[in-house]
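K.L.:
Turn these sequences into a full structure, and let the hints steer you where they fit.
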Amino acid sequence: MADTILEVRNITKCFNSKKVSVKALTDVSFDIGKGETIGIVGESGCGKTTLGRCIVRAIEATSGNVYYTTEDGRRVDFLKVSHTEMKKIRKDIQMIFQDPYSSLDPRMTVLDIISEPLKANFPKMSKAELEARVVEIAGKTGLNTSYLKRYPHAFSGGQRQRIGIARALVLHPKIIVCDEAVSALDVSIQAQVINLLKELQREMDLTYIFISHDLSVVEYISDRVGVMYLGRLVEYADTVDLYSDPKHPYTEALLSAVPVADPDVVVERLPLSGEIPNPANPPTGCYFHPRCRYCIDQCRETSPVLMDVGGGHFVACHRAHELKLKGIKYEAVALEAAGTTSRDGCPEVDHE
Amino acid sequence: MSEKKRKNHQNDESYFLASQWTLMRRKLMKHGLARFSMVLLGLLYCIAIFGNFVAPSDLVAYNAKTKNCPPTKIHWVHEGDFIGPFVYGLESERNMETFQLEYREDTARIYRIRWFVDGPEYKFWGLFPTTKHLFGVEDDGYLFLFGSDSMGRDLFSRVILGSQVSLTIPFVGTVISFVLGVLIGSASGYFGGVVDTVVQRIIEVLSSFPSIPLWMALSAAIPSDIPVVRMYLYITIIISLLSWTKLARIVRGKFISLRNEDFVTAAKLAGVSDLQIMLKHLVPGFMSYLIVNLTLEIPSMIIGETSMSFLGLGIRSPATSWGVLLQEAQDISSIASYPWRLIPLIAVVVTVLAFNFLGDGLRDAADPYK
Amino acid sequence: MDRRTEDRVPVVQVKNLTIDIPMDEGVLTPVRGVSFSIHEGETLGLVGESGCGKSLTSKAILGINDKKCRTGGEILFSEADHVLDLLKLKYGSEEIRKIRGERASMIFQEPMVAFHPMYTIGAQINECTRLHITSDKVKSKEITLDMMKRVGIANAEKRYDQYPHEFSGGMLQRALIAMALVCRPALLIADEPTTALDVTIQAQILELMKSLQKEFDMSILFITHDLGVVANMCDRVAVMYLGKIVEEASVREIYKNPKHPYTKGLIGSVHKVGTHNQSKLFSIDGTVPLALNLPKRCGFYERCSSRIEGVCNRLEPGRTMLDDDHSVNCFLYDKENIHG
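Chains as they are written, first to last, in the numbering used here: chain X, 1 to 352; chain H, 1 to 370; chain C, 1 to 340.
No lab work stands behind these hints: they were computed from the structure. Built from N, CA and C at the ideal position, the CB exists for glycine as well. Some clues are possibly wrong.
[As the list claims (entries may be wrong)] Below, computed lysine to aspartate or glutamate pairings styled on EDC-like, alpha-carbon distance capped at 20 Å:
1) C/K272 with X/E268
2) X/K329 with X/D245
3) X/K119 with H/D274
4) H/K27 with H/D274
5) H/K268 with X/E199
6) H/K268 with X/D245
7) H/K268 with X/D99
8) C/K264 with X/D99
9) H/K268 with X/D112
10) X/K198 with C/D285
11) C/K280 with X/E199
12) C/K280 with X/E331
13) C/K280 with X/D205
14) X/K87 with H/D274
15) X/K88 with H/D360
16) C/K272 with X/E180
17) C/K149 with X/E275
18) X/K140 with X/E203
19) C/K272 with X/D264
20) C/K90 with C/E79
21) H/K268 with X/E268
22) X/K18 with H/D196
23) C/K158 with X/D112
24) C/K210 with X/D92
25) C/K280 with X/E85
26) C/K272 with X/D92
[To be verified] So, partial list: chain X residues that the calculated Cβ filter (under 10 Å) puts toward chain C:
27) G42
28) H153
29) S156
30) E219
31) Y243
32) S244
33) D245
34) S256
35) A261
36) A320
37) L323
38) L325
39) K329
P.N.:
Here it is in structure tokens:
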């Protein structure tokens, strides 16, 4: 059983402008075990990117906590630590970005880009040592080390993404937030990068928060998956559990829409009516109720809370217990294999 | 297409190793007009720097005998014999109908044009007194390449000596507005909030003033009896005080857009300090745009100085700038009878165009990744 | 599902299409001899990674490529009584404009930029109706509204007078489809029509396209890089790599029995939902080379794991028919020509 490394608690983020206040995130809570990969899926505007940026503190959450258990076993609130403490643990939580073009400064050589975090954290490090560290990490990420003196414009998208990964890893972080890290890449390059991420995870004992809109990539890479809708986490469970036995009507609809790369698989589509509501003016009660086919009166009035319906499967739906929803049909072999491998990577979590 | 064009260099290792500045320079060199302009401007500035040496005459060589003399013809051959460049002697006669001096060549006298002749004494760069000039005529011949003005002074010398003022004021002014623009613009973009609002309002107020009346007001405040150098400084400051606003706006906009780039977030997450991020990512990021804008700003400063002097508000005679020369040429008789006195106008146009072409080339080159 | 039958006429036949673009550094050849045909009522998927030339190929059919592209080959378009070579028509001529929009039309990846922000959606769709169908104001508005309803725009009357910014991405794509289909074209070219959309919206749009295809009996050229979408939408698939079609077959054949090493790699590198396969994804090494001054050899040579040294790097493979419906450009299946 892995220990919990990160506890995300009631993260709320409001974007205020003069006229309106938009809640991009509402009370998002979940736990992440050490060495796990958590997939966060949802459609554009659901707040998944904002969540990732709040966790790494690229933007400040309006309220909430992110408890991080450090290497030496202390539990600190990453969002509220003192300045000196922050200096020590900042490097533990890093990020990989979506756009391999805007995430690298075009005016710096690859060596400078990868060594920048080192320079910032270890100002006394000698030049030779700096270079040795960079070469080591570049080798790990599959970059040709003879290209370190080049500028980013010399590289293709996939190679640029490797540079971004090397920069995130050079400080030996514990947790990496991958924000749509493979979405901008071509299919064959995507596979290269995903394989690399998995390899690095094993080698460097990393924990991933993998944010993506691509449900098949998330299924492949994640141990557990959280589904977001309009700034809320609506379901959070083991990957196979969630994909084969969704408990939230939105998850069901999302899964039915996934195009499967197999012409023989005929999926029964459960089309969602309507569009995602404007987050500045969300519906009452359950945010999903105007589009939900199982909506009852209660859904229009009260907002459901995320709760455990058994086996670490969290759902925010009033009718979670009674509904029988369709998921992806797994082959029996796959289910069996999943039941024995992925479940023990998941800690029991008590949710507030 | 540009994406493909960029990739075309893929087999070129030096392209991979080239920094942004190298790429910019390469792209600029491909721009023919910009390259030509650069050479031309280089030449003009060289002439300005060595102005006293290049100009055969000085600013105070009044001569009543050579008033409004047209450009002197340079001859090579005298009565069938080749004797190198020379001028004939100058003979003047008053036309009793128009009461104007008319000039004729006196072919009996020959004055050869020579290199490094002695002329009026000056201090080279204000340091060593010397009488050597690049070229000139021997003895007491007259050489007016661009003709002479109403006080018999050589216009060519005055255009060259005037360029010392007209070409350097914009440079000094640019430096001042560059510093102001970068400081104020980045403060505005970095701090945001109240600072930003206040700075933006100030910029709006400043740039809503009509410039000519403002110049008039400001230069009216300059006492008329101060030395030329001080006057020069004041005018520079007046011009740059008004032109930093544009730059500050550009810097602020670029600052804000760069601040949201992923690579800045990445640096922040890696624990790089704010100051380091500014110095390493933000400032180099907008520097190329800034240089482009500065280059495009210079012509408007040249015109600014010229128009101030033209209005009689800037440099005053005997100190000379192109504006002063044009002001002297502004009456109708000079256009009708002495068209050569408009030659300084050509100098202004050529310089302004050259700066604009160079700016164009720089703008195309500024973003070598597109 | 429609199966290809021999007696059906192809709506469009592309024969040995080449596109090259002169550059400072040489000639770029993004499309290097592409041939395919699309039959009536059929959906052909053109699949490939970015830079393989699939978009340029589709744009060549409508003659909307950049003017500096030099195009060679033939694009035969079947009209009721005759066949027209679209490449022989002059850029911007009356005939090509008539084909464009009326007989063949296109929808794009970014519906947001396909509409002018200053005109209402209705006016923009109606422009097409007025241009090609009827100049009668009342009638054309009727036709436009009818088409807007058919593509599933609720409240069409109200939506008619709204501006693009009042539409969501999915609705805009529907409006774009309405605009493309208002003249009932025989061929619809869809260039990554759902790439910019969310999964649930994507599913809606794909369903819509399928039902409209049946309703209007049109052919679709579906360009995408998403193998999941292809499996869902297409009858036949042509896989493009570096400006060439490397394999063409029915959709089932491509997924179940891929032959070309590139197709195999492409299919292998996509994780299939519902398998929970945790083994390493298959991935193709290296990156796509640039189509500039390409040497005479198989375009996939550098990245291919089953290349035959001495053959694949010296010769360009031609098309080999494996059976009636499955062709591949690879020497692994073309033993006779290895020495020729």
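K.L.:
Against each hint, give a clear statement of whether it holds in the structure.
P.N.:
Hint-by-hint comparison with the structure:
Between C/K272 and X/E268 the alpha-carbon distance is near 17 Å, which keeps this suggested pair within the 20 Å criterion. For the hint pairing X/K329 with X/D245, the CA-to-CA distance comes to about 9 Å; that is within 20 Å, so the pair holds. Taking the CA atoms of X/K119 and H/D274, the gap is about 14 Å. The hint holds against a cut of 20 Å. Among the hinted pairs, H/K27 with H/D274 is inconsistent with the structure: their alpha-carbon atoms are about 32 Å apart, more than 20 Å.
Between H/K268 and X/E199 the CA atoms are separated by roughly 27 Å; this puts the pair beyond 20 Å, and the hint is violated. In summary, the hint linking H/K268 to X/D245 is not supported, as the alpha carbons are separated by about 40 Å, beyond the 20 Å threshold. Of the pairs offered as hints, the one joining H/K268 and X/D99 holds, with about 17 Å between alpha carbons and a cut-off of 20 Å not exceeded. Restraint check for C/K264 and X/D99: the C-alpha separation of about 28 Å exceeds 20 Å, so the hint is violated.
Proximity of H/K268 to X/D112 is assessed by CA-CA distance (about 15 Å); at most 20 Å being required, the pair is judged to hold. Distance check on the hinted pair: X/K198 and C/D285 sit about 17 Å apart at the alpha-carbon level, within 20 Å; holds. For the given pair, C/K280 sits about 9 Å from X/E199 by alpha-carbon distance, which is consistent with the 20 Å threshold. For the hint linking C/K280 to X/E331, the alpha-carbon distance of about 19 Å falls within 20 Å, and the restraint holds.
Using a Cα cut-off of 20 Å, the hinted pair C/K280 and X/D205 holds, with the two alpha carbons roughly 18 Å apart. As the CA atoms of X/K87 and H/D274 are separated by approximately 14 Å, the hinted pair is consistent with the 20 Å bound. A hinted pair counts as satisfied when its Cα atoms are at most 20 Å apart, and X/K88 with H/D360 does not qualify at roughly 48 Å. A C-alpha spacing of about 19 Å is found between C/K272 and X/E180, which places the hinted pair at or below 20 Å, so the restraint holds.
Between the alpha carbons of C/K149 and X/E275 the distance comes to roughly 17 Å, so the proposed pair stays at or under 20 Å and holds. Distance hint between X/K140 and X/E203 is fulfilled; the C-alpha atoms sit about 9 Å from each other, no more than 20 Å. Restraint check for C/K272 and X/D264: the C-alpha separation of about 12 Å stays at or below 20 Å, so the hint holds. For the suggested pair C/K90 and C/E79, the alpha carbons sit about 18 Å apart, so the restraint of at most 20 Å is met.
Distance hint between H/K268 and X/E268 is unfulfilled; the C-alpha atoms sit about 46 Å from each other, more than 20 Å. Between the alpha carbons of X/K18 and H/D196 the distance comes to roughly 16 Å, so the proposed pair stays at or under 20 Å and holds. Between C/K158 and X/D112 the CA atoms are separated by roughly 56 Å; this puts the pair beyond 20 Å, and the hint is violated. With a CA separation close to 49 Å, the supplied pair C/K210 and X/D92 exceeds the 20 Å bound.
This hinted pair does not check out: C/K280 and X/E85 have alpha carbons roughly 39 Å apart, beyond 20 Å. Among the hinted pairs, C/K272 with X/D92 is inconsistent with the structure: their alpha-carbon atoms are about 33 Å apart, more than 20 Å. Because the beta carbon of X/G42 sits about 9 Å from the nearest beta carbon in chain C, less than 10 Å, this interface hint is met. Evaluation of the X/H153 hint against chain C yields a violated restraint, the C-beta minimum of about 14 Å exceeding 10 Å.
Hint status for X/S156: holds, given a least beta-carbon distance of 5 Å to chain C, under 10 Å. Evaluation of the X/E219 hint against chain C yields a held restraint, the C-beta minimum of about 5 Å falling below 10 Å. Annotation: interface hint on X/Y243 holds; nearest CB of chain C at approximately 7 Å, less than 10 Å. Residue-level restraint check for X/S244 holds (minimum Cβ-Cβ distance to chain C is 8 Å; threshold 10 Å).
A hinted interface residue such as X/D245 counts as satisfied when its beta carbon comes closer than 10 Å to some beta carbon of chain C; here the least separation is about 13 Å, so the hint is violated. The beta carbon of X/S256 is positioned within 10 Å of a beta carbon in chain C (closest approach about 7 Å), and the interface hint is therefore held. A least Cβ separation of about 4 Å between X/A261 and chain C falls short of the 10 Å threshold, and the interface hint therefore holds. Among the interface hints, the one on X/A320 is violated; its C-beta lies about 20 Å from the nearest C-beta in chain C, farther than the 10 Å criterion.
Taking 10 Å as the C-beta cut-off, the interface hint given for X/L323 is violated, the closest approach to chain C being about 19 Å. With its C-beta approaching chain C no nearer than about 15 Å, X/L325 sits outside the 10 Å limit, and its interface hint is violated. At a threshold of 10 Å, the smallest CB-CB gap from X/K329 to chain C is about 6 Å, leaving the interface hint in force.
Of the numbered hints stated above, those contradicted by the structure are hints 4, 5, 6, 8, 15, 21, 23, 24, 25, 26, 28, 33, 36, 37 and 38, listed in ascending order.
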